[in-house]
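Participant: Under our numbering, the first residue of the sequence shown is numbered 1, with each subsequent residue one higher.
Just so you know, these hints were derived from the structure itself, not from any lab. Note that the structure is predicted; figures quoted are calculated from it, not measured. One or more of the hints may lead you astray.
[Stated by the list, open to error] 35 Å max Cα-Cα, derived DSBU-like pairs, lysine-lysine:
(1) K159 x K126
(2) K40 x K156
(3) K16 x K78
(4) K6 x K156
(5) K6 x K56
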Amino acid sequence: MANIIKVGMADLNICKAPDGITTLGLGSCVGVALRDPVTKIGGLLHAMLPDSTVIKNNTCVEKFVDSGLDELVKRMVKAGANRSRLEAKLAGGAQMFAFQRNSDLVKVGERNAEAARKKLRAMRIKLLSEDCGLNYGRTVIYYPETGIYVIKAVGKPEKNI
Numbered sequence: 001m002a003n004i005i006k007v008g009m010a011d012l013n014i015c016k017a018p019d020g021i022t023t024l025g026l027g028s029c030v031g032v033a034l035r036d037p038v039t040k041i042g043g044l045l046h047a048m049l050p051d052s053t054v055i056k057n058n059t060c061v062e063k064f065v066d067s068g069l070d071e072l073v074k075r076m077v078k079a080g081a082n083r084s085r086l087e088a089k090l091a092g093g094a095q096m097f098a099f100q101r102n103s104d105l106v107k108v109g110e111r112n113a114e115a116a117r118k119k120l121r122a123m124r125i126k127l128l129s130e131d132c133g134l135n136y137g138r139t140v141i142y143y144p145e146t147g148i149y150v151i152k153a154v155g156k157p158e159k160n161i
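Generate the whole structure from the sequences, applying the supplied hints.
Facilitator: So, in structure tokens, the structure goes:
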């Protein structure tokens, strides 16, 4: 019987098929799912902010896209994944509130999604698909057995990417 492992906000975890992995309430946060399609080891990062380098003495690497992805890959490789085979899917990065000003401060969702794309490129991890942006939150479930990333949102049809 497969289990569904939960990942909280500013958190990450890994699993092995047939288990799946989920996180709830991605608004401006991003959910970056990785897997090794051969070993069926998968992982999920729920990151809140794009860049850990703006914080001194960062004790919560999972809070940030850049340091969180480094940690997720490290844990997956330790569990038996092959780094060169990793592939990614991305969700979240919404703009949840309308603001009069169009500053970078209020575009945290857009910045999170772009930081994830940039970090994945730098790590040479192929981004297979994404469901990002717009103005609604998402709950996601990732299945490393198949690579299917299920996206659920209130008032929207469920989709698989």
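Participant: Decide, hint by hint, whether the structure agrees.
Facilitator: Going down the list of hints, with the structure as the test:
Restraint check: the Cα-Cα separation between K159 and K126 comes to about 21 Å, which is no more than 35 Å; the hinted pair holds. A distance of roughly 29 Å separates the Cα atoms of K40 and K156; the hinted pair therefore holds under the 35 Å criterion. Taken as a hint, the K16 and K78 pair is honoured in the structure, with Cα atoms around 13 Å apart against an allowance of 35 Å. Annotation: proposed proximity of K6 to K156 holds, straight-line Cα distance about 22 Å (limit 35 Å).
A distance of roughly 29 Å separates the Cα atoms of K6 and K56; the hinted pair therefore holds under the 35 Å criterion.
Comparing the model with each numbered hint stated earlier shows that all of them hold.
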